[in-house]
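A.B. asks: Sequence:
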Amino acid sequence: MTTPKYAEQRDKVLIGRLPEDFLRVDTPEREQATNASAQSLQAAQQFNYTPTQTAVQITMCIVQAQLTKNYSLTKMDPYCRVRIGHSIFETHSDIRGGKLPNWNKTITSYLAPGIKTINIDVYDEKTLTPDERIAYAEYVIPEEAMQGKFMDAWIPLSGKQGEGKEGSINITIYIRSVPYMPTIHPTYAPSLYNRNSPIMVAPQPVVGIYPQYLPGQPMPVGYPMGPQPLQNPNYGYPVSQPYSPSEEDVKQMQEMFPAYDKEVILGVLESCRGNKEQVITSLLSLSDK
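Letter by letter, the sequence shown follows residues 1 to 289 in full-length UniProt numbering.
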């Protein structure tokens with residue numbers, strides 16, 4: 001049997017959806033936080049902040065080159081260096097590629113606003129002397145490529161022979177828009193004068209593009225995205241044996257270059273590990289100086 005006291009308590013039970021202010025106490029700190037949230041939203045709209053934005057991505061392939069002159073006694077070892085904005089990429093050296101190097105190197109980068117040119121330099125890799133730049137070009141990205149059209153072009157190269165007289169280089173480019181996440185968001189920092197009163201930190205304009213890589217999107221070539229594996233200390237890795245040139249090789253080089261001392265020829269032979277073509281090229285380059 002239900003007692004009168006129990007029936008009175010049961011009548012006070014609220015059935016249905018609870019009100020928004022249920023079990024909430026309005027305090028000055030809560031009111032300040034609510035106002036700060038509204039100010040944060042207003043500041044985000046002022047800076048055109050959106051959770052997901054897009055960046056302009058370029059995928060470029062350096063295919064091959066046809067050079068006019070071979071600037072070495074033996075065949076050159078050309079490689080290509082590309083600068084897109086503030087990003088620099090390099091291909092591998094085509095050993096003994098000479099005047100017809102092939103690279104087929106694909107790179108991926110992001111185009112910052114206002115970047116419409118690509119700088120291309122072709123170098124000949126040297127052993128003992130600095131690498132020599134043998135050709136260069138400045139490629140202006142066509143407007144149709146900026147609209148998303150795939151481009152396959154031969155670009156004239158310039159150098160010692162004159163403007164556009166060092167041959168040409170073959171590249172392909174494809175430009176598209178990809179999503180990225182902004183790096184700066186509206187946040188709050190505690191006030192130095194009142195810890196209970198948060199102050200708003202408005203997002204600042206970002207110089208450049210720092211994308212957050214999403215699944216399924218290509219990553220830039222040449223930048224490690226995580227820790228690199230360490231060597232196993234318990235594994236016996238092969239150790240390269242030091243090279244000592246034979247007396248026959250030293251004598252042969254002395255007959256070809258009698259102006260050099262035996263110690264100089266020995267040093268060049270050890271540095272080139274007996275590769276006579278590289279030894280001859282290095283000694284000739286030293287004689288030019």
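For the record, the hints were derived by calculation from the structure and aren't laboratory data. There's no promise every hint is true.
To be verified - Computed list of lysine to aspartate or glutamate pairs in DMTMM-like fashion (alpha-carbon distance at most 25 Å, straight line):
# : residue 1 : residue 2
1 : Lys75     : Glu277
2 : Lys126    : Glu8
3 : Lys160    : Glu138
4 : Lys105    : Glu125
5 : Lys160    : Glu144
A.B. asks: Taking the hints in turn, state whether each one holds.
C.D. replies: Comparing the hints with the structure gives:
1. With a C-alpha separation of about 10 Å, the suggested pair lysine 75 and glutamate 277 falls inside the 25 Å cut-off, and the hint holds.
2. Restraint check for lysine 126 and glutamate 8: not satisfied, since their Cα atoms lie roughly 97 Å apart, outside the 25 Å limit.
3. Only pairs whose Cα atoms come within 25 Å are accepted, and lysine 160 paired with glutamate 138 is accepted, the gap being roughly 16 Å.
4. Note on lysine 105 and glutamate 125: the hinted pairing holds, with a Cα-Cα distance of about 17 Å set against a maximum of 25 Å.
5. Our distance criterion of 25 Å between C-alpha atoms is broken by lysine 160 and glutamate 144, whose separation comes to about 32 Å.
In terms of the numbered hints stated before, the structure departs from hints 2 and 5, listed from lowest to highest.
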